[in-house]
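Protein chains in written order, with this note's numbering: chain A, 1 to 235; chain B, 1001 to 1287.
Mixed in with the good hints, there may be bad ones.
Derived DSS-like pairs: lysine-lysine, alpha-carbon spacing no greater than 27 Å straight-line [stated by the list, open to error]: (1) 128(A) - 113(A); (2) 52(A) - 1262(B); (3) 95(A) - 69(A); (4) 95(A) - 128(A); (5) 1262(B) - 69(A); (6) 179(A) - 1186(B); (7) 61(A) - 95(A); (8) 69(A) - 52(A); (9) 1186(B) - 95(A); (10) 1088(B) - 52(A); (11) 128(A) - 172(A); (12) 95(A) - 109(A); (13) 128(A) - 109(A); (14) 128(A) - 108(A); (15) 109(A) - 1088(B); (16) 172(A) - 230(A); (17) 172(A) - 108(A); (18) 1088(B) - 1186(B); (19) 179(A) - 95(A); (20) 61(A) - 179(A); (21) 1088(B) - 108(A).
The hints are simulated quantities; they were obtained by calculation from the structure and are not laboratory data. Given the structure is predicted, the values throughout are model-derived calculations rather than measurements.
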Amino acid sequence: MLRLEGAQLNYGSFRALDGITIHADPGELVVMLGANGAGKSSLFLAISGLRKLSRGNIWFKDQNIAGRKPSQIVQAGVVHCPEGRKLFPEMSVRKNLLLGAYVHRQDKKETQKILDQVFEMFPILHEKRNDAAGSLSGGQQQMVAIGRALMGRPEVLLLDEPSLGLAPLVVKQVLGVIKTINDNGTTVLLAEQNAYAALQIARRAYVIESGRIVMEGDRETLLNDERVRKAYIGA
Amino acid sequence: MNIFFQQLLNGLTLGSVYALVALGLTLVYGILHIPNFAHGALYMVGAYAAFYFVGTLGANYWVAMIGAAAVVALLAVLSDRLIFHRLKDAPPLHDMIAAIGLLLFLEACIQATWGAEFHRLAPPYPQIVRVFDLVAPAQRLIIIAAAFGLMLVLHLFLTRTLVGSTIIAMAQNREGASLVGIDATKVSILTFAISGALAAVAATLFSPINLIYPSMGHLVIMKAFVIIILGGMGSIPGAIVGGLVIGFAESFGAFYVSTNYKDIIAFALLVLILSLRPQGLFPSGAR
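Take these sequences, add in the hints, and give me the full structure.
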């Protein structure tokens, strides 16, 4: 479904991604584990076209999408829900969600259907649909960000640190929703520092350090690995 | 009462023209974070384009206005594609230097074509309108009506249409807009085109009661910057309110204080308001 081969990304003389090779199969939920600054966000920014790779390829359904514009990548079916949410703070929740379906603007019927599904998934957003997105709590804003990404009808959903800064109860709710999205058939690539919680819903994970993949394995392997437990689970 | 009304009318006329120019400036700033000093030159080219359409081609005033808007919109888009877009990864200082360079280039081109002397666009509506005891030149009323009409259309376009929403979305969060599939290049082209068209319309409206000359954009762009700083950089309501504040201040200041200080008033107000409210009147960005 999604495959990166030897992805290299530089910020000036700093190499943020150093030959990353990963893949996500159709319907998989794959977790990217790593500390702050390890390269998780850079990886997602490169996949969604906001940063250009200096070397390597990004294959999505047998098409190389490296170098394409972000709008073309969304159109192709890869949608990125970024760290920090990047909402339109002064627009209403409803307008934020509708703009998520911008690339499908001709198909109003389907957009309305997905909007209803998002409101069903997050009832609080329906209640606050006319409120400015910037006036919502952190957890609610995260729901808007995930909802907005779903409005883009993703085949692959990139979720960057969706639990960052949220209360434990909200984290549980958000991860539950991510699991549901994946169960409904969307391939999910999830970047998380909250390794234990993320591994509960994932089948497979990569560990990224200093822009390189240092470990790969299924949930059980990583949960039982001493280094992972020490570095990311704290046990 | 009559004199007060006269100043009110003058203030509204000046304010609505300033607001149109400032709106274009603030739209480009809100979206691309470019302080476009060349915007004053676009205003000046708009005046010359209207002057050419009416004076040389014999076009109707309103047709000339549309023609000038189209010419300046195209010029603004070209300035984006050929200059500002290429500098998108450069330090902000490069944008400013490029904008000043463009301003000087356009002025030199106009001066080479039409010379440095003053021109005047013949007033299309020289009549005087009388209502009860009050007297108003028709052109001033047209300026006010057309400027506010255009602001209303712009407001409806930005808030009620999907294309308009993409401009607002880009202003509120550029990366967020790209991530939902909004094409930053298209938004940028559209924003520059609107900004240029607004400058040209403002110039065509104001030219029949003002003079046309190559450096006519200098004071206007300085005041437009004062307005968008007062109103809050990137804020659309801020540009309108700021434009009116400066327009009324100049008009009443010129009458009740002295016409010699007319142009100083805007800058004195800038210092005063920013001392009390450094974030401007509407600080939260474009809406």
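The hints, checked one at a time:
Between residue 128(A) and residue 113(A) the CA atoms are separated by roughly 18 Å; this keeps the pair inside 27 Å, and the hint holds. The suggested pairing of residue 52(A) with residue 1262(B) is violated, with an alpha-carbon distance near 52 Å, which exceeds 27 Å. Taking the CA atoms of residue 95(A) and residue 69(A), the gap is near 23 Å; set against the 27 Å cutoff, the hint holds. With a C-alpha separation of about 12 Å, the suggested pair residue 95(A) and residue 128(A) falls inside the 27 Å cut-off, and the hint holds.
Simply put, residue 1262(B) and residue 69(A) have alpha-carbon atoms about 49 Å apart, too far for the 27 Å limit, and the pair is violated. Our distance criterion of 27 Å between C-alpha atoms is broken by residue 179(A) and residue 1186(B), whose separation comes to about 36 Å. For the hint linking residue 61(A) to residue 95(A), the alpha-carbon distance of about 31 Å lies beyond 27 Å, and the restraint is violated. Note on residue 69(A) and residue 52(A): the hinted pairing holds, with a Cα-Cα distance of about 9 Å set against a maximum of 27 Å.
With a C-alpha separation of about 20 Å, the suggested pair residue 1186(B) and residue 95(A) falls inside the 27 Å cut-off, and the hint holds. In summary, the hint linking residue 1088(B) to residue 52(A) is supported, as the alpha carbons are separated by about 15 Å, within the 27 Å threshold. Proposed proximity of residue 128(A) and residue 172(A) is supported: the alpha carbons are some 21 Å apart, at most 27 Å. Restraint check for residue 95(A) and residue 109(A): the C-alpha separation of about 16 Å stays at or below 27 Å, so the hint holds.
A threshold of 27 Å between alpha carbons decides the hint, and for residue 128(A) with residue 109(A) the separation of about 22 Å falls inside it, so the pair holds. The hinted pair formed by residue 128(A) and residue 108(A) meets the criterion: a straight-line CA distance of about 22 Å does not exceed 27 Å. Distance check on the hinted pair: residue 109(A) and residue 1088(B) sit about 38 Å apart at the alpha-carbon level, beyond 27 Å; violated. The hinted pair formed by residue 172(A) and residue 230(A) meets the criterion: a straight-line CA distance of about 22 Å does not exceed 27 Å.
Restraint check for residue 172(A) and residue 108(A): the C-alpha separation of about 32 Å exceeds 27 Å, so the hint is violated. Between residue 1088(B) and residue 1186(B) the alpha-carbon distance is near 15 Å, which keeps this suggested pair within the 27 Å criterion. Taking the CA atoms of residue 179(A) and residue 95(A), the gap is about 26 Å. The hint holds against a cut of 27 Å. A C-alpha spacing of about 23 Å is found between residue 61(A) and residue 179(A), which places the hinted pair at or below 27 Å, so the restraint holds.
With a CA separation close to 34 Å, the supplied pair residue 1088(B) and residue 108(A) exceeds the 27 Å bound.
Comparing the model with each numbered hint stated earlier shows that hints 2, 5, 6, 7, 15, 17, 21 do not hold.
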